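Mind docking chain Z on chain A? Use the hints.
Number of protein chains: 2
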Amino acid sequence: MIKATVYVTIKQSVLDVQGTAVQGALHSMGFQEVDKVRVGKYMEMTLNTTDRSEAEKRVRAMCEKLLANTVIEDYRFELEGA
Amino acid sequence: MIKATVYVTIKQSVLDVQGTAVQGALHSMGFQEVDKVRVGKYMEMTLNTTDRSEAEKRVRAMCEKLLANTVIEDYRFELEGA
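Line by line, the protein sequences are chains A and Z. Note that the numbering used here gives residue 17 to position 17 of the first sequence, counting from 1, and the numbers run on in steps of one. Note that the numbering used here gives residue 39 to position 39 of the second sequence, counting from 1, and the numbers run on in steps of one.
In case anyone wonders, no lab produced these hints; they're calculated from the structure. Quick caveat, the model's predicted, so the values are computed rather than measured. Certain hints may be false.
One copy or two, either will do: identical chains are not told apart, so a pair holds if it fits within one copy or between any two.
Below, a list of computed lysine-lysine pairs in the DSSO-like style, where the Cα atoms sit at most 30 Å apart [said to hold, decoys possible]:
#, residue 1, residue 2
1, Lys41, Lys11
2, Lys36, Lys57
3, Lys41, Lys57
4, Lys36, Lys11
Chain A extracted, bound-state conformation:
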C-alpha cells in the first residue's frame, strides 16, 4: 500500500477568487494581519500497489486527467510507504 498526498493550487498568475473572499472575511472578523490567502485542494489516497515508480506515473496521470485543471492549476504530490 502506498499513500499519496496530492496538493492542487491555483497558478500564481490566476486570480484566486476563493482566496480573496476568505481574506475579506478574515479582515472583517478582525484578523487584519492576513495579507494574502490562496486556497487549494488537498487529497489523500491509498493505492493498492507496492511499485513506487509505477505509482508515481499513475498519480501523475490522475492529476493530469482528473484531479487538477492544468490550465489554471498546479499540482504536486508526495508518496509514502513501500
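Leaving out everything else, chain Z in the frame of chain A:
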C-alpha cells in the same frame, strides 16, 4: 512576515462524499488501484507579523471561527518564517 499553511480535512468518522465521488471517477477511468480517497482544503496565507507564538494563536482562532467546521472537520497548520 510569517507564512501559514492550513490543512482542513473531513474527520475520519464522517463520510467524505467528495472523496467517494473522486474515487468512483478514478475507477471508471481505469485507476483500479485507488483504494480510498479523502478530499480536504489547503490554504496558504501570509501574515503581517513577526511574533510566531502570537501568529500561532491567531491562526488557531481563524481555523476555529472560519476556516474549518470543527463539527465535521479537523485542521492542522504549519508556520514558516520569522
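First find the shortest C-alpha distance between Lys41 and Lys57 inside one copy, then the shortest across copies, and answer within, between, both or neither for a cut-off of 30 Å.
-> both (20 Å within a copy, 24 Å between copies)
Alpha-carbon proximity context of Lys41 and Lys11, limit 30 Å = both (13 Å within a copy, 16 Å between copies)
With 30 Å as the alpha-carbon cut-off, assign the pair Lys36 and Lys11 to within, between, both or neither.
-> both (14 Å within a copy, 27 Å between copies)
Go through the copies and call it for Lys36 and Lys57: within, between, both or neither, with a Cα cutoff of 30 Å.
-> between (33 Å within a copy, 18 Å between copies)
The structure agrees with every numbered hint stated previously.
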